[in-house]
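Colleague: Residues per chain are reported as follows:
Protein chains: 2
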Amino acid sequence: MLLPGPLGALIEALRALPGVGPKSAARMAYHLLQRDRNGAARLSMALTGALEQLRHCQRCNNFSEAVVCEICASPRRDHRQLCVVEMPADLNRLEETQAYQGLYFVLMGRLSPLDGIGPREIGLERLIERARDGVTEEVILATNFTAEGEATAHYAGELLKSRGLKVSRIARGLPAGGELEHVDGMTIAQALLDRRAV
Amino acid sequence: MLLPGPLGALIEALRALPGVGPKSAARMAYHLLQRDRNGAARLSMALTGALEQLRHCQRCNNFSEAVVCEICASPRRDHRQLCVVEMPADLNRLEETQAYQGLYFVLMGRLSPLDGIGPREIGLERLIERARDGVTEEVILATNFTAEGEATAHYAGELLKSRGLKVSRIARGLPAGGELEHVDGMTIAQALLDRRAV
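Going down the list, the sequences are from chains S and V.
Sequential numbering from 1 applies to the first sequence in our numbering.
Sequential numbering from 1001 applies to the second sequence in our numbering.
Derived by calculation from the structure, the hints in this document are not laboratory data.
Please read all numbers here as calculations on a predicted model, not as lab measurements.
For glycine and all other residues, C-beta sits at the position ideal for the given N, C-alpha and C.
Only pairs whose alpha carbons sit at most 25 angstroms apart, straight line, appear in this in silico DMTMM-like list of lysine to aspartate or glutamate:
#1 S:Lys161 / S:Asp133
#2 V:Lys1023 / S:Glu52
#3 S:Lys23 / V:Glu1052
#4 S:Lys23 / S:Asp36
#5 V:Lys1023 / S:Glu96
#6 V:Lys1161 / V:Glu1121
#7 S:Lys23 / V:Glu1095
Here are some, though not all, of the chain V residues that point toward chain S, as calculated from beta-carbon distances under 10 angstroms:
#8 Leu1014
#9 Val1020
#10 Ala1041
#11 Leu1047
Taking CB as the label site, the calculated pair distances span:
#12 V:Glu1096 / S:Ala151: 41 to 49 angstroms
#13 V:Arg1080 / S:Asp115: 51 to 59 angstroms
#14 V:Ser1112 / S:Glu65: 41 to 49 angstroms
#15 S:Asp184 / V:Glu1096: 47 to 55 angstroms
#16 V:Asp1115 / S:Arg172: 43 to 51 angstroms
#17 S:Ser112 / V:Ala1041: 19 to 27 angstroms
#18 S:Arg172 / V:Gln1034: 24 to 32 angstroms
#19 S:Arg76 / V:Asn1038: 33 to 41 angstroms
#20 S:Glu121 / V:Glu1096: 37 to 45 angstroms
#21 V:Thr1146 / S:Gly8: 24 to 32 angstroms
#22 S:His154 / V:Gln1034: 17 to 25 angstroms
Isolated chain S, as found in the complex (with noise of 0.2 angstroms):
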């Protein structure tokens, strides 16, 4: 290949992208240098700015610009209850339905020991000392319906009880395999109701 230097550097980066091989990378470097200057311009800068300014909230670990996240410092919010996911895009569906007022924990993944994701990578010892805060009455465990959902929900459940916290788990109102991401509202709303204690 007679790539010059930068495109063949460009074309190298772009494949830190999840599912993006040497064939989409390459036509993604030609799109952003031939047609899309500009997008890559701010892509560039975007990612600087992220590096630079999310840091992860020091009480429920999603991504936040302050120390303490806007959720977590929120008077409003009922702190007794404690509401973990796997992801930010689980947090977020879980406020746009409107159904819940406690707090997260952001777990930012799943128990996958194929992956080498083990409870330390997830945070879970962070997420103990975070429900023994002496506010938390319970802790509601949102994590996805798949097989390391399950899994990761089961581990961290024990985990909690026995330090002698209570626990929930959200509905299996979900479709079984089925993600938080891309459930309707209604459904969710309804698994957050019918949780059942562990």
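Starting from the known structure of chain S, arrange chain V on it as the hints suggest.
Modeller: This is chain V only, laid out in the frame that chain S set:
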């Protein structure tokens, strides 16, 4: 959606990539921020680097760091032949076959009236100018054998012949509807040999 500003900006910016919708963009953003921050930093730098360092070769229009690219500047190439391709990836495929020793002109596109891409957008005037340097003896049209590539070859061919230039088209050794980038080297070499005058 409760997204911190820099995260929303990153997701929005990722949509500049071809074929990336809102869901993919969000997944990409989370992946980069959570699992591959180095990759994100490298991508940002690669974008800036490519935008700053890459220009179009004054002679062949391909991406290049120098004013005139390596191929156009090489005395070992046959400067009497000028092969016209749609994209840099096509040029690379031709080079890999080692069946061609002449020079190139990269259109960086193809005629596509429905997308608003006419002769001006793909720089056919620059091709004419380039081909009339007094050294070029033959222009070989190697655009794809798709409807758009064929239309481009036909239009460019007529234009070049009207200026008294000898024009040929690579042979239809490629399968109908095929694209240069995806065809084996032997077929491409055959098509080069079997080019016919138009």
